[in-house]
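Engineer: Now for the letters of each chain:
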Amino acid sequence: MKKTLFKGTALPLLLLAPQLAVTCVFFLWPAGAAIWQSVLQEDPWGTRSEFVGLRNFAEVLVEPEWRGAALNTLVFSTSVAVLAMGTALFLAVQADKSIRGANLYKTLLIWPYAVAPAVAAVLWLFLFHPSIGLIGRALNQAGLDWDYKLNGGQAMTLVIIAAAWKQVSYNFIFFLAGLQSIPKSVLEAAAIDGARPVRRFWTIIFPLLSPTSFFLLVVNLVYAFFDTFGVIHALTGGGPGKATETLIYKVYVEGVQNVNLGSSAAQSVILMVIVIALTAVQFRFIERKVHY
Amino acid sequence: MPAAGIDDAALAAATLRRQAWDRRLTHLWLILGVLVFAFPVWITLVGSTHDASTIGRGDVPLLPGGQAIANYTAAWTSGGEGRYRASPASLMLWNSALMALLIAVGKITISLLSAYAVVFFQFPGRMLAFWTIFLTLMLPVEVRIIPTYQVIVSLDLFNSMAGLTIPLIASATATLLFRQFFLTIPDEYVEAAKIDGAGPVRFFRDILLPLSVTNIAALFVILFIYGWNQYLWPLLVVNDRGLETIVVGLAKMIGNGDAQNEWNIIMAMAVLALLPPVLVVVVMQRWFIKGLTETEK
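As given, the protein sequences belong to chains A and B, one line each in that order. All residue numbers for the first sequence refer to our numbering, where the first residue is 1 and numbers rise by one. All residue numbers for the second sequence refer to our numbering, where the first residue is 1 and numbers rise by one.
With the rest of the complex left out, here is chain B (with noise of 0.2 Å):
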């Protein structure tokens, strides 16, 4: 029957014709999406490289211009010039990077470690130990932010990189990941260290923490953004100027977010805060989005 043969053909065309456009709408919809992501940082890249006068005037640029090197140059070495000016980007970058390499060490320790005596050893107090450590979970910094900013003050450690990070280094989330992980290590290898005469401190270091090595990175990334996120604990517990970090910085430049404000200075400043974090997520995509999803949170 010829004709129910055309009839087919027609059909599958038809189908082919319909997937066609299906593929081209779904490329439309996430090139959107993906415009209106990079929209915002694409605006203040190209303000950071314009003059002053050019972003104040109102007249937003969309492409280019020459002002890069001078914007980036003041940013970096004088934090800007006008009514409210921060510490030069050096310098916070730094603390910056210090304070989120502080946090995500200093959790990935003392959770390894934790969760290590949790695990592996049978001592007394250790459901209580247990639950001490999952009780933090349910209390965020900024929950508690007031009396803990008060224990800071009693303890002599405001204004002070110690003061920043260790009340933020304290993690249940880090603490329960790696006791999780642990639980999977099959009893064998435990009772293989022992057959070999290992104890314990060798069977962490030669057995435990290279089998950690994926979560420690992918605990990393997490941690690190983390860190470099902060907001409201630096804001309380630092006024010295030499500690401020960037993110911080960059709020206070805004001021009342006046229209005479040194816009591009503080343009390129944003640039620079949000770099870091944002080079660390895509260069090491991987181990983010196994971090971020087998932490839940």
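Bound conformation, chain A alone (with noise of 0.2 Å):
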């Protein structure tokens, strides 16, 4: 900590005042209105109010509609996990080797994180639309029935594939850095010793990737949770049927399209619970990591 410090009380105060203020109207407002509305029943016509205690959250747990959005959200977040994190180890590792335009490579290979989640699902049903895509139409020719608005794994399918391709650039950039960071005579020591490249790959350079991998998933998971939303909503609006409905999309449709504020409060906070287990459990990595 500083030794050498200012002093006075109004200063820094005002130097604070703008973001606390921000803080108190835009956060814990809305945070504290959700857990209060959580508690709450409003009737059909929102004039009055009943405290329910945690009724709401019992009715929202047990409604199929509920854990369906739970397990596709499991299946959908793991995917895209999966599939952006193995791709982009991938990438890393050829990428990591000295070979010319490396630099090249990078480059073009870390701009889709630029490109906005919902562009990118618009960009994916250019090429897997039944009728005008590229790769849709030729599905079709080959005797696949492929229409991602009648089919509900074939649409959960295309958003997970859109989701993840945004995100390997990041995953990339993350697992490139890690890979530069381990020392080369390791691993030529272990070549001296004749270990294979693969063998190389899994003894040494893997292990030592895990805390990259670790941090990585848990930036993944809260990607594919909430920054998804406009992948689902440009491309199935959480269909066909509920096939691609998201917890965070839930949310939306139970909040702004079926008003019911109670049930969609109790669900905002069941992802907040879940969001700050995912951060605690992150610093907690953060903190431990300290020594790379």
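Think of the hints as simulated: they come from the structure by calculation, not from any bench. Do not rely on the hints blindly, as some may be mistaken.
Cross-link-like lysine to aspartate or glutamate pairs, in silico, DMTMM-like; alpha carbons within 25 Å at most [as the list claims (entries may be wrong)]:
(1) K7/A - E188/B
(2) K184/A - E294/B
(3) K252/B - D240/B
(4) K242/A - E63/A
(5) K290/B - D96/A
Residues from chain A that face chain B, not an exhaustive set, calculated with beta carbons under 7 Å [unchecked claim]:
(6) L5
(7) P18
(8) T23
(9) Q94
(10) K97
(11) W111
(12) L127
(13) L134
(14) I173
(15) A177
(16) F226
(17) G230
(18) A234
(19) V273
(20) V275
(21) A277
Take a look, some chain A residues computed to stay more than 12 Å from chain B by CB distance [stated by the list, open to error]:
(22) S38
(23) Q41
(24) R48
(25) V52
(26) R55
(27) T78
(28) G133
(29) G153
(30) P183
(31) K184
(32) E188
(33) D193
(34) A195
(35) R199
(36) L208
Please read all numbers here as calculations on a predicted model, not as lab measurements. Quick reminder that beta carbons are idealized off the backbone N, C-alpha and C, glycines included.
The task is to assemble the complex, starting from two chains supplied on their own in separate frames and drawing on the hints.
Structural biologist: Following this line, the structure appears as structure tokens:
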């Protein structure tokens, strides 16, 4: 901590005022409101509300639709994380080798980070549209009945591909940084001992990358939970049926379309608990990985 | 022993051959990766230069056509003619740019100020302030979306640029990053400034700000993209066509994804929507990577 500090109370409080004002008005107040609404039940006209304790939570947790959305979220986020991290790790290992043009490859692989999730969805829609998309038409001609607007499994596949495509570049940057921090001497020693590249990867590189992988897993899950709303909204609208409705999408549907505030608030609170848990895990991890 | 010498030479040659193959294979994988990443954008780019009927028929072209000027003009000036139309791209690009800039500059400004207060001043409530800011890290806007929307409505900020940007401006990550950086600045700087008679305001302006330039640039890239790519929040707090952002407008043009859509215009709009943030990343690559790896999201 600093030994030499400025004195005074008015100036620091003035400096903090904008940040604290925004935090209080747009973070603490709404979060408090969500918790408060989650224990209330409004009548259909929105004129009266009564305290119902944890009933909204109890109702949400047994609701088949909510459970369906929770399952969708699990399938979706695990698939996105595995696909995006696996591809990124493979490409990072290739780009880490000393080859000509390594920097050019790097530039050509990181730009998708800048593409908005909703725009990524639109790009993949152009490819997988059953009647105007290159791949969509090819699949239909091959006799596979491809229409993501009718088939829930196909819709889920498409949103997973679009969401993962955008996230690979983020993971790639972190895996590459992780690989470059592994001392070359360690790898050379293993090579001299006669360890083949594949063996070297699994016994030396992969374990040394595990902190990076763990960090990325949390980031990817948070991304898949929340930032992919745009992908799903633009591509499938949660459909067909409710096949691609995730938890965050359901909060939106419940709060905006059905105006069921108590239930929506209870679902928001459940999501908050999930994020806080994930963030806590991530922080414990960051504290421990200071060494590199 | 000549025989052993020949063996060695053969072995060395074999190793060299294997390494050459390894290199070729590496290039092959990387090129494949680059192509898979670029393919959807290429198809979109090509599609945006053909007419609507070519794409509607499903004969997806792989090479550019001659309708580029007509399509981009249509996207730029009218946002398309179809049933699902957006505002003109000229307006939506302006809205997106303004929103992204306000969010990036706003976040950086209030984070610099609050990190300065927390690190360099000793005052009552310092830790309370720090933890209050820290808490916001745990509540992404998507989680508290409906109640935040209600706050915006009760403050009469619905359908305004202020409502679009201010709630996204508070940032624990930026504050933590600057705090981290300020803690590495040697105490002697403050002592020297005090001896020279510089107060806290001058110290901030003449010493701290110039030292923070690289961090500010790195953070700017990340936050600009964060702002540009917002989707759920603009979708909720704005229904005035004059404030429509291009990412939301693009998704609106898709509608139900009918084959009869004006896909050529939609594709032109998609190119316009992704070009600015991609350019920022490519041009400012060095700061982008620094910003990404140092903010850790």
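Engineer: For each hint, tell me whether it holds in the structure or not.
Structural biologist: To see whether the hints hold, each was checked on the structure:
Among the hinted pairs, K7/A with E188/B is consistent with the structure: their alpha-carbon atoms are about 16 Å apart, no more than 25 Å. For the given pair, K184/A sits about 24 Å from E294/B by alpha-carbon distance, which is consistent with the 25 Å threshold. Using a Cα cut-off of 25 Å, the hinted pair K252/B and D240/B holds, with the two alpha carbons roughly 14 Å apart. Taking the CA atoms of K242/A and E63/A, the gap is near 14 Å; set against the 25 Å cutoff, the hint holds.
Restraint check for K290/B and D96/A: satisfied, since their Cα atoms lie roughly 18 Å apart, inside the 25 Å limit. Because the smallest distance between the Cβ of L5/A and any Cβ of chain B comes to about 5 Å, under 7 Å, the interface hint for this residue holds. A least Cβ separation of about 4 Å between P18/A and chain B falls short of the 7 Å threshold, and the interface hint therefore holds. With its C-beta approaching chain B no nearer than about 5 Å, T23/A sits inside the 7 Å limit, and its interface hint holds.
Below 7 Å, beta-carbon pairs count as interface contacts, and Q94/A has one with chain B at about 5 Å; its hint therefore holds. Against a cut-off of 7 Å between C-beta atoms, the interface hint on K97/A holds, since the closest Cβ of chain B lies about 5 Å away. Because the smallest distance between the Cβ of W111/A and any Cβ of chain B comes to about 5 Å, under 7 Å, the interface hint for this residue holds. Checking L127/A against chain B by beta carbon gives a least distance of about 6 Å; that is within 7 Å, so the hint holds.
At its closest, the beta carbon of L134/A sits 4 Å from a beta carbon of chain B; the interface hint therefore holds under the 7 Å criterion. Interface restraint check: I173/A against chain B, minimum CB-CB distance 6 Å, threshold 7 Å, status holds. For A177/A, the shortest C-beta to C-beta distance to chain B is roughly 6 Å, which falls under 7 Å, so the interface hint holds. Taking 7 Å as the C-beta cut-off, the interface hint given for F226/A holds, the closest approach to chain B being about 4 Å.
Using the Cβ-Cβ criterion of 7 Å, the hint placing G230/A at the interface with chain B is satisfied: the shortest such distance is roughly 4 Å. Satisfaction of the interface hint for A234/A is found here, the shortest Cβ-Cβ separation to chain B being roughly 4 Å, below the 7 Å cut-off. At a threshold of 7 Å, the smallest CB-CB gap from V273/A to chain B is about 10 Å, leaving the interface hint violated. Annotation: interface hint on V275/A holds; nearest CB of chain B at approximately 6 Å, less than 7 Å.
Of the supplied interface hints, the one on A277/A is violated, with its beta-carbon coming no nearer than about 10 Å to a beta-carbon of chain B, more than 7 Å. Taking the minimum C-beta to C-beta distance to chain B, about 10 Å, the non-interface status of S38/A is violated against the 12 Å cut. In this structure Q41/A is separated from chain B by more than 12 Å, as the shortest Cβ-Cβ distance comes to about 16 Å. Every Cβ of chain B is farther than 12 Å from the Cβ of R48/A; the closest lies at roughly 17 Å, confirming the non-interface assignment.
For V52/A, the requirement that its beta carbon stay farther than 12 Å from each beta carbon of chain B is met, with the minimum near 18 Å. Chain B leaves R55/A outside its interface by the beta-carbon criterion, the shortest separation being 19 Å against a cut-off of 12 Å. With a least CB separation of 19 Å from chain B, T78/A remains clear of the 12 Å interface cut-off, as annotated. Separation of G133/A from chain B is inadequate, the least Cβ-Cβ distance of about 7 Å not exceeding the 12 Å criterion.
Interface exclusion of G153/A from chain B stands, the closest Cβ pair being 18 Å apart, more than 12 Å. With a minimum CB-CB distance of about 19 Å to chain B, P183/A clears the 12 Å threshold, and the non-interface call stands. Remark: the non-interface label on K184/A is consistent with the geometry, its nearest Cβ contact in chain B lying 16 Å away (cut-off 12 Å). Every CB of chain B lies more than 12 Å from the CB of E188/A, the least distance being 14 Å, so the non-interface label holds.
Every CB of chain B is more than 12 Å from the CB of D193/A (nearest about 16 Å), matching its label as outside the interface. Taking the minimum C-beta to C-beta distance to chain B, about 15 Å, the non-interface status of A195/A holds against the 12 Å cut. Non-interface status of R199/A relative to chain B is upheld: no Cβ of that chain comes within 12 Å, the nearest being about 15 Å off. L208/A, annotated as away from the interface, keeps every beta carbon of chain B farther than 12 Å; the closest lies near 17 Å.
This entry does not satisfy hints 19, 21, 22 and 28, going by the numbered hints stated previously.
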